[in-house]
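**Q** Each chain, letter by letter, is given below.
There are 2 protein chains.
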Amino acid sequence: MEEKVLIFGHKNPDTDSICSSIVREILDKKNGWNNTIATRLGKINKETQYVLDYLQIPAPKLIEKVEENQEVILIDHNEFNQSVEGIENAKILLVVDHHRIANFTTKEPLYYTAKPYGCTSTILYEEFKNSGHKIEKKEAILMASSIISDTLLLKSPTTTKHDIQALEELEKIARIDIKEYGLEMLKAGTNLDDFSEEELISLDAKTLQKENAKFVIAQVNTVSIEEVLKRQESIEKAISKKIQEEKLDVFVFAITDILNSNSEIIVLGDKKESIEKAFGKKLENNRMFLEGVVSRKKQLLPVIDKNI
Amino acid sequence: MEEKVLIFGHKNPDTDSICSSIVREILDKKNGWNNTIATRLGKINKETQYVLDYLQIPAPKLIEKVEENQEVILIDHNEFNQSVEGIENAKILLVVDHHRIANFTTKEPLYYTAKPYGCTSTILYEEFKNSGHKIEKKEAILMASSIISDTLLLKSPTTTKHDIQALEELEKIARIDIKEYGLEMLKAGTNLDDFSEEELISLDAKTLQKENAKFVIAQVNTVSIEEVLKRQESIEKAISKKIQEEKLDVFVFAITDILNSNSEIIVLGDKKESIEKAFGKKLENNRMFLEGVVSRKKQLLPVIDKNI
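If you're matching them up, the sequences are chains A and B in order.
Numbering follows the numbering used here, in which position 212 of the first sequence is assigned residue number 210; successive positions increment by one, without gaps.
Numbering follows the numbering used here, in which position 269 of the second sequence is assigned residue number 267; successive positions increment by one, without gaps.
Next comes chain A alone, as it looks inside the complex:
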């Protein structure tokens, strides 16, 4: 492995992190850069598994940490606390991302491509176009899956015209009904029955470290918030344990209804009043309903970050 350049998305990988890593490797090969390899920092979620099964391709290799000076490419993230163990001493050659930049530093100049789009794959789609390489059906479905996942079929407020245009063109190349495929994919991702509460709260969790506060915003997608709330008591136990173990000031667990575009959040921790302040609403039974809220990046994180 050591001589390969490792490509990976963030911890608790979502569909964009996995599919964009695979696409990046394909694009690198087309550009004649043959020693890069897609890897991953965690378990494949059910939504992503649906994509891999659909395309009959294997999951990228799991990695747990990197050695000093390991050459790496970061996809769909830049913050070190969302990245692999050892990232501080790795050699970051390239970042492709659509998030804010924070907790990120390098010793050397590097390639960094960020665009404020809804999805990393939309940036890769534009790189394909600029490079003049033809997009094959497989790549088209991989990138389309990322866009569908990150934008909830273009319904999330993070959606930009670039994502819409990319998905339109990718649908033509893929020659499948993207809406039908996308709904199946999203539904596959919302089957939460097999997960323990510990797993539920860490499936897609982002830890954020501020000067005077450490907090987590975790999110699950569902087609029925009610269904998930049946497990509220056990979920709260798991969250409380996590808060203690990681010395968190607050833990926000967002249950997002992807069909109706709303979220219910469960909030625990010493600083839970700051969440009430953030959204101008009282928690009842540790819960709060947020109408129209589906995006952690755009609707939860900035509001919480400002008030904590």
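One or more of the hints may lead you astray.
Just so you know, same-sequence chains aren't split out, so a pair can sit in one copy or run between any two.
Stated by the list, open to error - Under the rule of at most 16 Å between Cα atoms (straight-line distance), these lysine to aspartate or glutamate pairs were calculated in the EDC-like manner: (1) Lys270 / Glu62; (2) Lys185 / Asp255; (3) Lys304 / Glu66; (4) Lys27 / Glu134; (5) Lys295 / Glu106; (6) Lys275 / Asp303; (7) Lys127 / Glu166; (8) Lys269 / Glu209; (9) Lys304 / Glu86; (10) Lys105 / Glu209; (11) Lys239 / Glu196; (12) Lys177 / Glu274; (13) Lys135 / Glu231; (14) Lys228 / Asp255; (15) Lys304 / Glu106; (16) Lys235 / Glu197; (17) Lys296 / Glu106; (18) Lys105 / Asp303; (19) Lys228 / Glu262; (20) Lys296 / Glu224; (21) Lys127 / Glu167.
By construction, these hints were calculated from the structure, which means they are not laboratory data.
Given chain A's structure and the hints, the job is docking chain B onto it.
**A** Chain B only, in chain A's frame:
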């Protein structure tokens, strides 16, 4: 001014910071983005003045600080301590840079284009190519001047094949003898007679803040190191004053012979032994000759940073 998006390079602007800012504004206009404007964070140096006079274009407007939420575009830098006062609360829309990323953070996603090239203008040259816009003679000379300045006519070890290729093609568009023009431009920049010692040590100075050390690496280019060293005593006085005022641990003043590609450094400050350690050489009379060293970014900064 307020409704304009301000484009600027780093403090103590060099030719790349000024010319790339002007080129960025031109490129924005060609892309239909009409409300961006090139500005600058400091005095125009003599080398850059040579370029502006040659092209008969005025210097960008000087700005001292920015208001909260001012929209800005950072050129040729990203570290906040090299940027404008108030940058922490500005809204950074875009960065185009060729340096390492450090001391940089945003609240929102943004456009960020970094490439490990010798010069920011080489990145802009590639953006011109990708966008399909024609490069006019004026833009060609502006970008060529940046490349000549940052790479010392392609002789600096920071030079990449991308810079070489860009300069070659820009020479064709500019229809001037680039070597002749470049030597005149570099020589214009090395006339240091008019500068006080205080000015000399801050003409092109970068402040770096580490957890346990704050240091400055300043650089002047010359065609005669001897000539500059005649003023060593007064230069040291100016440096000592600076160290006191800014509570610096070490100040490195590099006098770089651009014709023969060597540097003499003058070093003062409590941590000056760490500079001796860094280069495995003793200071004599506070000085050290560094053969083949011309690049702060590639040959001074990383070595010093590792040993301080």
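**Q** State for each hint whether it applies.
**A** Quick rundown of the hints versus the structure:
Within a single copy, lysine 270 and glutamate 62 get their C-alpha atoms no closer than 32 Å, and across copies no closer than 40 Å, so neither meets the 16 Å cut-off. For the homomeric pair lysine 185 and aspartate 255, the shortest alpha-carbon distance inside one copy (11 Å) is at most 16 Å, but the shortest distance between copies (66 Å) is not. For the identical chains of this complex, lysine 304 and glutamate 66 are inter-copy neighbours only, at 15 Å across copies versus 35 Å inside a copy, given an alpha-carbon limit of 16 Å. Taking CA atoms no more than 16 Å apart as the test, lysine 27 paired with glutamate 134 passes inside one copy only; the shortest distance there is 14 Å, against 35 Å between copies.
For the homomeric pair lysine 295 and glutamate 106, the shortest alpha-carbon distance between copies (9 Å) is at most 16 Å, but the shortest distance inside one copy (28 Å) is not. Proximity of lysine 275 to aspartate 303 under the C-alpha cut-off of 16 Å is restricted to the intra-copy arrangement: shortest distance 11 Å within a copy versus 43 Å between copies. In this homomeric assembly, lysine 127 and glutamate 166 come within 16 Å of each other (Cα to Cα) only inside a single copy, at 14 Å, whereas the closest approach across copies is 26 Å. Taking the shortest Cα distances, lysine 269 and glutamate 209 sit within 16 Å of each other inside one copy (14 Å), while across copies they are farther apart (29 Å).
Proximity of lysine 304 to glutamate 86 under the C-alpha cut-off of 16 Å is restricted to the inter-copy arrangement: shortest distance 14 Å between copies versus 27 Å within a copy. For a Cα distance limit of 16 Å, the shortest separation of lysine 105 from glutamate 209 across copies, 14 Å, qualifies, whereas the shortest one inside one copy, 23 Å, does not. For a Cα distance limit of 16 Å, the shortest separation of lysine 239 from glutamate 196 inside one copy, 9 Å, qualifies, whereas the shortest one across copies, 59 Å, does not. When the C-alpha separation of lysine 177 and glutamate 274 is checked against a cutoff of 16 Å, the pair qualifies neither within a copy, at 36 Å, nor between copies, at 65 Å.
Proximity of lysine 135 to glutamate 231 under the C-alpha cut-off of 16 Å is found in neither arrangement, the shortest distances being 45 Å within a copy and 70 Å between copies. Proximity of lysine 228 and aspartate 255 under a CA criterion of 16 Å is satisfied intra-copy only: 15 Å inside one chain copy versus 74 Å between copies. When the C-alpha separation of lysine 304 and glutamate 106 is checked against a cutoff of 16 Å, the pair qualifies only between copies, where the shortest distance is 12 Å, while the shortest distance within a copy is 31 Å. For the homomeric pair lysine 235 and glutamate 197, the shortest alpha-carbon distance inside one copy (12 Å) is at most 16 Å, but the shortest distance between copies (63 Å) is not.
For a Cα distance limit of 16 Å, the shortest separation of lysine 296 from glutamate 106 across copies, 9 Å, qualifies, whereas the shortest one inside one copy, 31 Å, does not. When the C-alpha separation of lysine 105 and aspartate 303 is checked against a cutoff of 16 Å, the pair qualifies only between copies, where the shortest distance is 9 Å, while the shortest distance within a copy is 28 Å. Taking the shortest alpha-carbon separations for lysine 228 and glutamate 262, only the intra-copy value of 13 Å comes in at or below 16 Å, while the best inter-copy value is 72 Å. In this assembly of identical chains, lysine 296 and glutamate 224 lie within 16 Å of each other by CA distance neither inside one copy nor across copies; the values are 24 Å within and 58 Å between.
For a Cα distance limit of 16 Å, the shortest separation of lysine 127 from glutamate 167 inside one copy, 11 Å, qualifies, whereas the shortest one across copies, 23 Å, does not.
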